[in-house]
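Chain residues, written in single-letter form:
Number of protein chains: 2
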Amino acid sequence: MRYTPAGIPVSEGRLQHHSTLIENGSERQVEVEMAVLALGDAARWLEAAPLGGMMRIEGFIAARGRNSRTPVIHANTIEYLEGNENGTILQEED
Amino acid sequence: MRYTPAGIPVSEGRLQHHSTLIENGSERQVEVEMAVLALGDAARWLEAAPLGGMMRIEGFIAARGRNSRTPVIHANTIEYLEGNENGTILQEED
Chain A
1 MRYTPAGIPV SEGRLQHHST LIENGSERQV EVEMAVLALG DAARWLEAAP
51 LGGMMRIEGF IAARGRNSRT PVIHANTIEY LEGNENGTIL QEED
Chain B
1 MRYTPAGIPV SEGRLQHHST LIENGSERQV EVEMAVLALG DAARWLEAAP
51 LGGMMRIEGF IAARGRNSRT PVIHANTIEY LEGNENGTIL QEED
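Chains as they are written, first to last, in UniProt numbering: chain A, 1 to 94; chain B, 1 to 94.
By construction, these hints were calculated from the structure, which means they are not laboratory data.
Note that beta-carbon positions come from the ideal geometry of N, C-alpha and C, so glycine has one too.
Zero decoy hints are in this set.
Rough simulated footprint, nothing fancy, chain A against chain B, three-plus residues with beta-carbon under 8 angstroms:
| no. | stretch |
| --- | --- |
| 1 | 38 to 46 |
| 2 | 68 to 74 |
For each label pair, taking beta carbons as the anchor points, the in silico distance ranges come out as:
| no. | chain 1 | residue 1 | chain 2 | residue 2 | range |
| --- | --- | --- | --- | --- | --- |
| 3 | B | Arg-14 | A | Arg-56 | 23 to 31 angstroms |
| 4 | B | Glu-27 | A | Thr-20 | 35 to 43 angstroms |
| 5 | A | Glu-58 | B | Pro-5 | 35 to 43 angstroms |
| 6 | B | Pro-5 | A | Tyr-80 | 39 to 47 angstroms |
| 7 | A | Glu-33 | B | Glu-33 | 15 to 23 angstroms |
| 8 | B | Arg-44 | A | Tyr-3 | 44 to 52 angstroms |
| 9 | B | Pro-50 | A | Glu-33 | 28 to 36 angstroms |
In silico contact screen, one side only, chain A against chain B (beta carbon under 8 angstroms); selected entries:
| no. | residue |
| --- | --- |
| 10 | Leu-21 |
| 11 | Val-30 |
| 12 | Phe-60 |
| 13 | Ala-62 |
| 14 | His-74 |
Construct all of the structure, not just a fragment, from the sequences and the given hints.
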């Protein structure tokens with residue numbers, strides 16, 4: 001976990017999602033992995049998430065910054081799940 | 001617009017989003033630009049969307065493919081909007 005100059009905790013990691021969805025009437029497997037970032041209390045939850053653990057995240061997607069268009073999931077709320085849901089923390093970064 | 005080997009129409013473009021949201025109690029500007037893809041009827045709607053036009057898209061995000069982790073928005077439904085909503089088609093690709 002790091003802190004902004006204003007002292008706000010920031011945690012980053014990578015989130016892996018897999019699911020089976022319907023697209024244009026056909027079932028398909030979906031896999032995607034994206035960077036995830038959280039501030040404040042959500043950062044503490046993200047930091048405490050077990051690697052490989054399942055979670056549900058609500059938030060939004062924003063570009064990493066002015067110099068990078070890479071989309072990053074900003075987690076406003078994080079809910080730990082047991083078992084068979086979709087999100088998995090792959091890696092936590094300091 | 002292109003077609004899959006099975007004859008399903010596929011349309012691709014880029015979607016730009018901007019909005020003002022609350023993160024950790026503070027207002028922030030969000031900007032993000034991502035690839036968008038649609039199949040079937042949704043492909044026809046995406047193809048017909050005016051460049052720079054506003055739209056609301058529902059769907060999911062998946063990695064582009066086995067060799068690319070780039071996240072792509074898959075549009076299941078596309079609604080054209082007038083005026084002040086968030087999504088904008090930046091570029092359509094054949």
